[in-house]
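Enquirer: One-letter residues, chain by chain:
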Amino acid sequence: MPKQKNKVLLLFAHPSQDRSEINSPMFKLASKTDGVTAVDLYREYPTFRIDVDKEQQRLLAHDIVIMQFPLYWYSTPAILKEWQDLVLEYGFAYGHEGTMLHGKTLLCAITAGGAEAAYRKEGYNHFTIRELLHPIEQTASLIGMRYLAPFTLFSSRTAAEEQRDKKHLEDWNQLLNSLINNKLDLELASGLAKLDVQNIDLIRGLL
Amino acid sequence: MTGYFLQAFVYLIAAVLAVPLAKRLGLGSVLGYLIAGVIIGPVIGLVGSETATIQHFAEFGVVMMLFVVGLELEPRMLWNMRHKLIGLGGLQVSITTVVVMLLCLAFGLQWSVALAVGLIFSLSSTAIVLQTFNEKGLAKTDGGRSSFSVLLFQDIAVIPMLALIPLLALPELVALSEKLGEAAAEHGDSLNLVAHLPGWAYGIVVVVAIVALVVGGHFLSRPLFRYVASSGLREIFTAATLMLVIGIAALMGLVGLSPALGAFLAGVVLANSEFRHELESTIEPFKGLLLGLFFITVGAGVDFGVLQLHWGKVIAMALGIMLIKATILFVLAIIFKIRNSDRWLFALSLAQAGEFGFVLLNYTVQNHVIPQDLSQILSLVVAFSMFLTPSLFILYDKVILPRYERTENHQEPDEIDEKGTVIVAGIGRFGQIVNRFLVANGVKTVVLDHQAGQVELMRKINIKSYYGDATQPDLLHTAGIEEAKLMVVTIDDKEKVRDIVKYVKHAHPHVRLMVRAFDRGHAYELRSLGADHIITEAYYSALEMGGRALNELGFHPFKSEQLKAAFDQIEKDNKEKLYQTWLAGNEDNRFSNDYRELFLQLEELLGKAMSKDRSDGHSLTERGWTPPPKNYQDDFKQ
Numbered sequence: 000m001p002k003q004k005n006k007v008l009l010l011f012a013h014p015s016q017d018r019s020e021i022n023s024p025m026f027k028l029a030s031k032t033d034g035v036t037a038v039d040l041y042r043e044y045p046t047f048r049i050d051v052d053k054e055q056q057r058l059l060a061h062d063i064v065i066m067q068f069p070l071y072w073y074s075t076p077a078i079l080k081e082w083q084d085l086v087l088e089y090g091f092a093y094g095h096e097g098t099m100l101h102g103k104t105l106l107c108a109i110t111a112g113g114a115e116a117a118y119r120k121e122g123y124n125h126f127t128i129r130e131l132l133h134p135i136e137q138t139a140s141l142i143g144m145r146y147l148a149p150f151t152l153f154s155s156r157t158a159a160e161e162q163r164d165k166k167h168l169e170d171w172n173q174l175l176n177s178l179i180n181n182k183l184d185l186e187l188a189s190g191l192a193k194l195d196v197q198n199i200d201l202i203r204g205l206l
Numbered sequence: 000m001t002g003y004f005l006q007a008f009v010y011l012i013a014a015v016l017a018v019p020l021a022k023r024l025g026l027g028s029v030l031g032y033l034i035a036g037v038i039i040g041p042v043i044g045l046v047g048s049e050t051a052t053i054q055h056f057a058e059f060g061v062v063m064m065l066f067v068v069g070l071e072l073e074p075r076m077l078w079n080m081r082h083k084l085i086g087l088g089g090l091q092v093s094i095t096t097v098v099v100m101l102l103c104l105a106f107g108l109q110w111s112v113a114l115a116v117g118l119i120f121s122l123s124s125t126a127i128v129l130q131t132f133n134e135k136g137l138a139k140t141d142g143g144r145s146s147f148s149v150l151l152f153q154d155i156a157v158i159p160m161l162a163l164i165p166l167l168a169l170p171e172l173v174a175l176s177e178k179l180g181e182a183a184a185e186h187g188d189s190l191n192l193v194a195h196l197p198g199w200a201y202g203i204v205v206v207v208a209i210v211a212l213v214v215g216g217h218f219l220s221r222p223l224f225r226y227v228a229s230s231g232l233r234e235i236f237t238a239a240t241l242m243l244v245i246g247i248a249a250l251m252g253l254v255g256l257s258p259a260l261g262a263f264l265a266g267v268v269l270a271n272s273e274f275r276h277e278l279e280s281t282i283e284p285f286k287g288l289l290l291g292l293f294f295i296t297v298g299a300g301v302d303f304g305v306l307q308l309h310w311g312k313v314i315a316m317a318l319g320i321m322l323i324k325a326t327i328l329f330v331l332a333i334i335f336k337i338r339n340s341d342r343w344l345f346a347l348s349l350a351q352a353g354e355f356g357f358v359l360l361n362y363t364v365q366n367h368v369i370p371q372d373l374s375q376i377l378s379l380v381v382a383f384s385m386f387l388t389p390s391l392f393i394l395y396d397k398v399i400l401p402r403y404e405r406t407e408n409h410q411e412p413d414e415i416d417e418k419g420t421v422i423v424a425g426i427g428r429f430g431q432i433v434n435r436f437l438v439a440n441g442v443k444t445v446v447l448d449h450q451a452g453q454v455e456l457m458r459k460i461n462i463k464s465y466y467g468d469a470t471q472p473d474l475l476h477t478a479g480i481e482e483a484k485l486m487v488v489t490i491d492d493k494e495k496v497r498d499i500v501k502y503v504k505h506a507h508p509h510v511r512l513m514v515r516a517f518d519r520g521h522a523y524e525l526r527s528l529g530a531d532h533i534i535t536e537a538y539y540s541a542l543e544m545g546g547r548a549l550n551e552l553g554f555h556p557f558k559s560e561q562l563k564a565a566f567d568q569i570e571k572d573n574k575e576k577l578y579q580t581w582l583a584g585n586e587d588n589r590f591s592n593d594y595r596e597l598f599l600q601l602e603e604l605l606g607k608a609m610s611k612d613r614s615d616g617h618s619l620t621e622r623g624w625t626p627p628p629k630n631y632q633d634d635f636k637q
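Those sequence lines, one after another, are chains A and H.
FYI, numbering that gives the first Met the number 0 numbers position 125 of the first sequence as 124, with every residue one higher than the one before it.
FYI, numbering that gives the first Met the number 0 numbers position 475 of the second sequence as 474, with every residue one higher than the one before it.
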């Protein structure tokens, strides 16, 4: 029996898209994918006036939320923080009767300038990507969403020159499709340190 | 007097009846005029003897056309097309001249006559070709642009030709005319200051005249037009424009130069002027009508007597000449890498002989180069080839283009050399800021304003601007509304803004229209007329001032910023409802009771929203940063 398809909401935050080499193509690809609602937050709210009702309705209408952004100072670009501050309201996402998002899934798809080796205890960033994103992970936990390991492109500033971008887009496409078609073992994916194509393959192998 | 009216009526009625018919049949206006001429002239004989006189008058249409051509040619653009101009144009003129000359020699003509004939047939018809290009929208194609450079070269080449032709005078013709006394002098320009001057003095006079034209055009025209424009009378501007062109034509005539060339030069000199668009749109209707008249006279001037005697010769020569020219042009097109259908367009469009042929023929006869009887036949050949040109365009449209379109569909689209520009109408205190912002961001703008002083000021700080009334369709046309993406209307006159919105939305629906409204009512009205974006002029600055007032009263700046945003949001949310109510209201009293009531509701809503907080009662109007309730942690007790 075929599994029910998932509806994916992609929240994309990139304040400088004319310089983007990876994120914009990723967003474009996602926009063309059936089953994904792709939202460019900076386009929709250029003055940061986020429509809270609209965003909450969107959340309700989807099963999986992906936050896509370039890692800015170990965190999200400002608008995505603003989005969290305003949309994940008391009484909606948390607190008394704030159970609207329970059971949904949250995933960060990010690009990081540093090499993967920098994101470990011995590296100059001292923490892994998953550790650095703990605030988001804990937010997910508080609002009852399942948090998946982040899907990350490291050394993103040189990815296009080194022709790693094509591969990353392929992986991205695969990831989106397995999310939509419910082919990813979410339990497994939330336990990993990071989500990459080997994991995805592995997970698919298990299916 | 009545006689003149009758004649004018005959000419006009011929044009009014024939041209629309010709256009409907897809023949183009030029052929329409030519046919109208043939019908009223040789066919039914309504006009006849006076045709030569009218033709002189109508040639003024050609003068005006070259003035307009000059206006469109900024010196920089001329420089950019120098390779095509000199290479393509130069080769076309010289090769055609040589080939025709050799043929004439083969038919036993004297070398000087042969050379003169060669020169005459090397020219093409600027009037027909440019007019047709404009009508069919071919001017921007590769073929169109190449043709234009060749035509331009030809127009310039007329000057040395005019200088050369007197040197070719045949001794026997000179002797003949001397015998006939001054008979020849009564025809044509009898007012010629330089006819009896020695060669060197003539040279000086010519140079002085041209320098006077260029320097005068550059330095005097602007103060003159500014003075005229300050009167605000459109008809005086028209008068000044006509005065300028007629003055130049007269000056050139007096020193024995081509008026058309003088007008062209004056046009180039004025091409950078802020009055360019206005000049162009002022002269456009005169030019069109006179050119039409010119074509009618060509038709009416077909001499059926001579044609009957030599019809075989005339047709054979006309076809022969067109074949030769088309072949030469086609080969040049290959050499200059003009591709596909453009190559055919180039070769076919320039294959005829042109109106300058008539001028040169007259001139050669006056200068005893070509005998009268030969010139009569040749002028029929020129006319006939002009007659055939529209059919070549039809051939191009119906046969050649479809063939290429099938293959070209798979190719890359034509390169777009003009990005969508923005037309800014009104460069007062408001439009200025819009324009500065756009220009600072690399957006190409064309600025129009009806206050010469304002335009002058803009030019002083290097903002490209033109004088003119933006409600005039022809000015918008010359400002390039066809290629524009967006038009920003920031002029003060409420009525005029209305007119512009109506006209642009109707005639150029592809242009996005961004307008400044005086107040809410004006804004609704403009919206109902179809404006795409409307900014009410004082709204945002007033809101800004309100915000600062709150700061002054001790509100936290961030709080007042939020309140401003909330105010704006409520305005936006209710805009549609207010507009619909306004629209439904009585024509005479848009601000009806319903509307007033709604407006009061809005005011109330605003008041509430300003004092409301997200946490008390979940207002739907404003969402700020609201902390959770003080006891919220109770929910997390585990």
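These are calculated hints, taken from the structure and not from any lab test.
It should be emphasised that the depicted structure is a prediction, and the values quoted were computed from it without experimental measurement.
Be aware that one or more of the hints could be misleading.
Said to hold, decoys possible - Here are the computed lysine-lysine pairs in the DSSO-like style, where the Cα-Cα straight-line distance is at most 30 Å:
{"hint": "1", "chain 1": "A", "residue 1": "K103", "chain 2": "H", "residue 2": "K574"}
{"hint": "2", "chain 1": "H", "residue 1": "K397", "chain 2": "A", "residue 2": "K53"}
{"hint": "3", "chain 1": "A", "residue 1": "K80", "chain 2": "H", "residue 2": "K629"}
{"hint": "4", "chain 1": "A", "residue 1": "K80", "chain 2": "H", "residue 2": "K484"}
{"hint": "5", "chain 1": "H", "residue 1": "K501", "chain 2": "A", "residue 2": "K80"}
{"hint": "6", "chain 1": "H", "residue 1": "K563", "chain 2": "H", "residue 2": "K501"}
{"hint": "7", "chain 1": "A", "residue 1": "K6", "chain 2": "H", "residue 2": "K459"}
{"hint": "8", "chain 1": "H", "residue 1": "K495", "chain 2": "H", "residue 2": "K459"}
{"hint": "9", "chain 1": "A", "residue 1": "K31", "chain 2": "H", "residue 2": "K484"}
{"hint": "10", "chain 1": "H", "residue 1": "K484", "chain 2": "A", "residue 2": "K27"}
{"hint": "11", "chain 1": "A", "residue 1": "K53", "chain 2": "H", "residue 2": "K459"}
{"hint": "12", "chain 1": "A", "residue 1": "K80", "chain 2": "H", "residue 2": "K558"}
{"hint": "13", "chain 1": "A", "residue 1": "K53", "chain 2": "H", "residue 2": "K501"}
{"hint": "14", "chain 1": "A", "residue 1": "K53", "chain 2": "H", "residue 2": "K629"}
{"hint": "15", "chain 1": "A", "residue 1": "K4", "chain 2": "A", "residue 2": "K165"}
{"hint": "16", "chain 1": "H", "residue 1": "K607", "chain 2": "A", "residue 2": "K80"}
{"hint": "17", "chain 1": "A", "residue 1": "K80", "chain 2": "H", "residue 2": "K504"}
{"hint": "18", "chain 1": "A", "residue 1": "K53", "chain 2": "H", "residue 2": "K495"}
Claimed, not checked - Some chain A residues flagged as far from chain H (calculated, every beta-carbon gap over 12 Å):
{"hint": "19", "residue": "S23"}
{"hint": "20", "residue": "P24"}
{"hint": "21", "residue": "K27"}
{"hint": "22", "residue": "T46"}
{"hint": "23", "residue": "H95"}
{"hint": "24", "residue": "E96"}
{"hint": "25", "residue": "R119"}
{"hint": "26", "residue": "F153"}
{"hint": "27", "residue": "A159"}
We put the CB at the ideal spot given by N, CA and C, even for glycine.
Enquirer: Next, verify each hint and record whether it holds.
Expert: Hints and how they fare:
A C-alpha spacing of about 37 Å is found between A/K103 and H/K574, which places the hinted pair above 30 Å, so the restraint is violated. This hinted pair does not check out: H/K397 and A/K53 have alpha carbons roughly 56 Å apart, beyond 30 Å. Distance restraint check for A/K80 and H/K629: the Cα-Cα separation of roughly 22 Å lies within the 30 Å cut-off, and the hinted pair is therefore satisfied. For the proposed pair A/K80 and H/K484, the alpha carbon gap of about 37 Å is over 30 Å, so the pair is violated.
Distance hint between H/K501 and A/K80 is unfulfilled; the C-alpha atoms sit about 46 Å from each other, more than 30 Å. Our distance criterion of 30 Å between C-alpha atoms is broken by H/K563 and H/K501, whose separation comes to about 33 Å. Using a Cα cut-off of 30 Å, the hinted pair A/K6 and H/K459 is violated, with the two alpha carbons roughly 59 Å apart. Taking the CA atoms of H/K495 and H/K459, the gap is about 27 Å. The hint holds against a cut of 30 Å.
Pair hint A/K31 plus H/K484 holds up; C-alpha atoms about 28 Å apart against a cutoff of 30 Å. Restraint check for H/K484 and A/K27: satisfied, since their Cα atoms lie roughly 26 Å apart, inside the 30 Å limit. The suggested pairing of A/K53 with H/K459 is violated, with an alpha-carbon distance near 50 Å, which exceeds 30 Å. Restraint check: the Cα-Cα separation between A/K80 and H/K558 comes to about 19 Å, which is no more than 30 Å; the hinted pair holds.
Of the supplied pair hints, the one linking A/K53 and H/K501 is violated, its CA atoms being roughly 36 Å apart against a limit of 30 Å. Simply put, A/K53 and H/K629 have alpha-carbon atoms about 27 Å apart, close enough for the 30 Å limit, and the pair holds. For the suggested pair A/K4 and A/K165, the alpha carbons sit about 26 Å apart, so the restraint of at most 30 Å is met. For the hint linking H/K607 to A/K80, the alpha-carbon distance of about 28 Å falls within 30 Å, and the restraint holds.
Annotation: proposed proximity of A/K80 to H/K504 is violated, straight-line Cα distance about 43 Å (limit 30 Å). A threshold of 30 Å between alpha carbons decides the hint, and for A/K53 with H/K495 the separation of about 40 Å lies outside it, so the pair is violated. The non-interface label for A/S23 is consistent with chain H: the shortest C-beta to C-beta separation is roughly 21 Å, beyond 12 Å. The beta carbon of A/P24 is kept farther than 12 Å from every beta carbon of chain H, the shortest such distance being approximately 23 Å.
Under the 12 Å C-beta cut-off, the non-interface status given to A/K27 relative to chain H holds; the minimum distance is some 22 Å. Non-interface call for A/T46 relative to chain H: violated, since the shortest CB-CB distance, roughly 7 Å, does not exceed 12 Å. For A/H95, the non-interface assignment is contradicted: its Cβ lies about 5 Å from the closest Cβ of chain H, within the 12 Å cut-off. Remark: the non-interface label on A/E96 conflicts with the geometry, its nearest Cβ contact in chain H lying 9 Å away (cut-off 12 Å).
Every C-beta of chain H lies more than 12 Å from that of A/R119, the closest at about 32 Å, which supports listing it as non-interface. With a minimum CB-CB distance of about 34 Å to chain H, A/F153 clears the 12 Å threshold, and the non-interface call stands. For A/A159, the non-interface assignment is confirmed: its Cβ lies about 25 Å from the closest Cβ of chain H, beyond the 12 Å cut-off.
Violated hints for the displayed structure, listed by number in ascending order: 1, 2, 4, 5, 6, 7, 11, 13, 17, 18, 22, 23, 24.
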